[in-house]
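S.K.: Spelled out from the first residue to the last, the chains are:
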Amino acid sequence: MKINKLYLVLLLLALVAPFFLYPVFLAKLLCFALFACAFNLMLGYVGLLSFGHAAFLGTGGYVTGWLMMNSGLTPELAILLGTLTAGALGALYGKLSVKREGIYFAMVTLALSQLVFFIYLQAPFTGGEDGMQGVPRGKLFGVIDLSDNISMYYFVLAIFLFGFWLIHRTVHSPFGQVLKAIRENEPRATSLGYNVNDYKWVAFTISAALAGLAGSTKTLVFQLASLTDVHWHMSGEVVLMTLVGGVGTILGPVVGAGVIVTMQNYLSSGELGNYLHIIMGLIFVICVLAFRSGIVGELQKVWKRNFG
Amino acid sequence: MSADYVLETRNLIKAFKGFTAVDDVNLQVTRGHIHALIGPNGAGKTTVFNLLTKFLTPTEGRILFNGTDITAMKPAAIARAGVVRSFQISAVFPHLTVLENVRIALQRKEGNSFHFWRPQSVLNKLNDRAIELLDAVGLAEFASAQTVDLSYGRKRALEIATTLALEPELMLLDEPTQGMGHEDVGLVADLIKKVSVGRTILMVEHNLHVVSKLADRITVLQRGAILTEGDYATVSADPRVREAYMGTAASAEQDRINAEAAQAERQEEVDA
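Keeping their order, the protein sequence lines are chains A and B.
Start counting the first sequence at 1; every next residue gets the next number (the numbering used here).
Start counting the second sequence at 309; every next residue gets the next number (the numbering used here).
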């Protein structure tokens, strides 16, 4: 009950926010929050750290961008196709990587995503170093003009809510139960007759598709798809967001993305801009040393201690 | 001929870089038996288990289940065929509830385990069956407890309930009473006896008292090879078995004490 009330308050805040804050900034925040939630599905609920999720974010972005510029499709279809492409890539990469665990899984995903990075760097349609610029936002369902930032924001909010709901549902589904069992005791799950790699693979594909959805949406918001989104820095940043917010908590990645994106936005334009990476590094170190379970994780602990 | 045997191994060999852990083992497990695998530490008992369930791949030899060759099958497939194992260290899902632990085993046959778009509540129809199974091992009252909070003996009982949920034809129990206090040993032994009705059990067991009470047939392993086979009277009278145990009996006892101390420590950590 309390949790439902919390969600309701957050939803109300999200609905009124664009009247107080810059809608494009808020939309960016939601895109990264969705990206982090998708990543957290693997790290938090399967226990596998992917170091290549930028590949899916970037693929969604480039495919949607290219379609918007060249095909005349409406934005919702361009986003759908971007998401599906990222999901297909995820299915392929997942098949190759879920056989490994721990650091090896991280390395395989990193290597595969670097492959994608170099393709996008060299391929003519991506615009190389310049990226894909001036992507039109188009008209949603051919009717609603998304060049209006407020409309764009609400569209992004709807997408985010869908993604967030899907992750929430996945975690609390029969499938999610098996994932939890695998994370808790993999040999036992095997001995009960579950092909654990198949479950990891499906989770990876869902995670990749939702990362692609975040990337597709982000391209529309900024009207830009660039190499930044496929660079390994991005794969690292999403780890940071998830850890700061709280691994394995449903709201953690949202909070983490909020903190990191807000910091980047305000610090980089201010006096401290040059020290941005040092500050983020310090936060990361402090988090790992002192707040292992992240902001949301620590709050949950405090809540349990006092009211649980 | 082989119809009497649920499980057979033929010339089973496992070699690790020059060290032969399992050496030409021909094991025959008769349907309906409780069959015990005993032997001094390092005799290869657990390795045999890992080979039977394909957690390790045999170097040579064949494994037959109901006369069918299962040597090439994957671990999960073997479990689905009806050979379900337990582990030396209690194999539970600590942060699921006791009920959910059993339900995970029941869930697989429902065919909805990949359904990520459906709510978890579709699993609630399995709750009655899960409670029944928990009741059979005396855990019904703990159904909604977090598994991590259970005592060691109860975790092992839960493990047996979870295994039973799959209705396995053959249960492989790897040291089911290991690290347990005296009372728990008795409880688990009774439980094994109870669940053995209508199925076959192959167990690795150090506690010879439990073995004498439960086992219909005993295979003694030494240095990876079968030393002797037979019922308890035959095996315990065999001078070679006594010799094999003499040298290591003291250290086996020491291991048991160590394991108990380690378990007590773990329990303290949990309590804290």
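No wet-lab data here; the hints were simulated from the structure.
You may find that some hints are simply not true.
Label pairs and their in silico Cβ distance ranges [to be verified]:
| hint | chain 1 | residue 1 | chain 2 | residue 2 | range |
| --- | --- | --- | --- | --- | --- |
| 1 | B | HIS403 | A | LEU272 | 37 to 43 Å |
| 2 | B | HIS403 | A | GLN122 | 18 to 24 Å |
| 3 | B | VAL505 | A | TRP232 | 56 to 62 Å |
| 4 | A | LEU73 | B | ARG426 | 29 to 35 Å |
| 5 | B | PHE327 | A | SER268 | 45 to 51 Å |
| 6 | B | THR328 | A | ASN306 | 47 to 53 Å |
| 7 | A | LEU272 | B | ARG426 | 16 to 22 Å |
| 8 | B | SER452 | A | GLU186 | 20 to 26 Å |
| 9 | B | GLY419 | A | LEU80 | 38 to 44 Å |
| 10 | B | GLY340 | A | GLU186 | 53 to 59 Å |
Cβ atoms here follow ideal geometry from the backbone N, Cα and C, with glycine treated the same way.
S.K.: Give me the numbers of the hints this structure contradicts, sorted from smallest to largest.
M.R.: 2, 5, 6, 7, 9, 10
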